[in-house]
Amino acid sequence: MTDNQSPELFGQTPWQTVGPFFHYALPWWGGADLTGQSDIGAAPTRLVGHHPALNRSHGRPMPAGEPIDIIGRVLDGAGEIVSDALIELWQADAEGRYGGDFTGFGRAPTDEAGVFHFRTIRPGPVPGPGNTLQAPHIAVGVLGRGLLKRLVTRLYFADEPQNESDPILDLVPSERRPTLIAQRDGEVWRFDIVLSGPNETVFFDC
Amino acid sequence: MTQTSAFTREDRAAQPPSLSPDYHSTMLRSPSHPPVRIPQTVTETTGIADCWDRLMGGAFGDLTTQHEGVALGQRIVVTGRVLDENGRPVPRTVIEIWQANSAGRYAHARDQWDAPLDPNFSGAGRVITDDDGAYRYVTVRPGAYPWGNHHNAWRPAHIHLSLLGPAFATRLVTQMYFPDDPLIEIDPIANAVPLPYRQRMVSRFDIGTTVPNWALGYNFDVILRGRDATPIED
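Residue numbers (our numbering), protein chains in the order written: chain A, 1 to 206; chain B, 1 to 234.
Incorrect hints may appear among the rest.
As the list claims (entries may be wrong) - If we take Cβ atoms under 10 Å as the criterion, some of the chain B residues that face chain A in the derived model are:
id	residue
1	Gly58
2	Ser122
3	Ile186
Keep in mind the hints are simulated off the structure, nothing from the lab. All C-beta atoms in this analysis are idealised placements derived from N, C-alpha and C, irrespective of residue type, glycine included.
Model the full structure from these sequences, guided by the hints.
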């Protein structure tokens, strides 16, 4: 029988689900606050005992830009909430740069109500293919029980005029584009993720 | 204008589909539309390669000595390399590790299986690859456990591994299985990956990695999506 070490099998390691029990390994204290100013992101109600590997982010200076809160729910194909999903973000800083002092990466598990909550800064526009410019956006990864592999989507901002000319949004059928647009709701941006069914979020192969 | 290499695409033969009905939880959690194919932009070709420790904390490569006492179970050493599809090492990348204890119980509030918790084993760790892409950690062999997917369903022993790699596009979460485990053949999650690719997730026992009078050794390499030969302009 072949195995991981068989030369004839060399190639991409297959994805597997994170399952329902990732909360003591993947989230961390502060993981959902990309500005580095708070402890949100851990899931203490899912833990049993002391987990020494569950770290706390070091405090970081407040990054430049407009601080924003992003709150959303994850819903399944029956419209039920998904309380064991994990959302990951990857984004540019306010100037449209990746990988500077602002790390741009965060994680938030959904809570008992299927809700995730991030605090971050609003990203700037970044270069697109050719000479295009991409509208400000955040790359979103969705993991969880029942997800054999990551689903990838994007969050755009409803009040952003550059959405009209965004080269990636342009690839999405117009009637499905609203699933990628976060809406301002008072002090927060709302962005629900629907895994399946009516209003299914657009997911990308990238 | 900088040139950034794109990454190879998902290998559709080797990767599981989102919908795999034998794994029942996928039924309501799989998109009905195919994913929209997009070009890789700077968003997809960049990542947190060099700053994970600032976010999550440092390495934690021995899961058996995180508490006052020693963890119960069969002590094992797992070593391997993280490579890309071109066979190049992926250095300085983090591998997050989690697993059940030797009785098959997770230290998690929602794990209701009636197997004992081990106060000396949390089951989470973190290692970082060296310049050759190599890693090594020490743990106990996890136990199999029942789950509610179907009548008499048992998950084979497995260790969860999470890798970020150099870019958003190279993200990987997988599970490492053990050789000669009869449960692999009948596990809906492992078998969401068709043969022969499923076998990529089965580690190999290695007497050379085994430490005399101390721990059994297993080898497991992880292969991430590689740089494509064709450069893209961003």
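Each hint tested on the structure:
1. Nearest Cβ of chain A to the Cβ of B:Gly58: about 8 Å, under the 10 Å cut. The hint holds.
2. Hint status for B:Ser122 relative to chain A: holds, with the closest Cβ pair at about 5 Å, below 10 Å.
3. For the restraint placing B:Ile186 at the interface with chain A, the shortest Cβ-Cβ distance is roughly 15 Å, beyond the 10 Å limit, so the hint is violated.
Checked against the numbered hints listed earlier, the structure breaks hint 3 alone; every other hint is satisfied.
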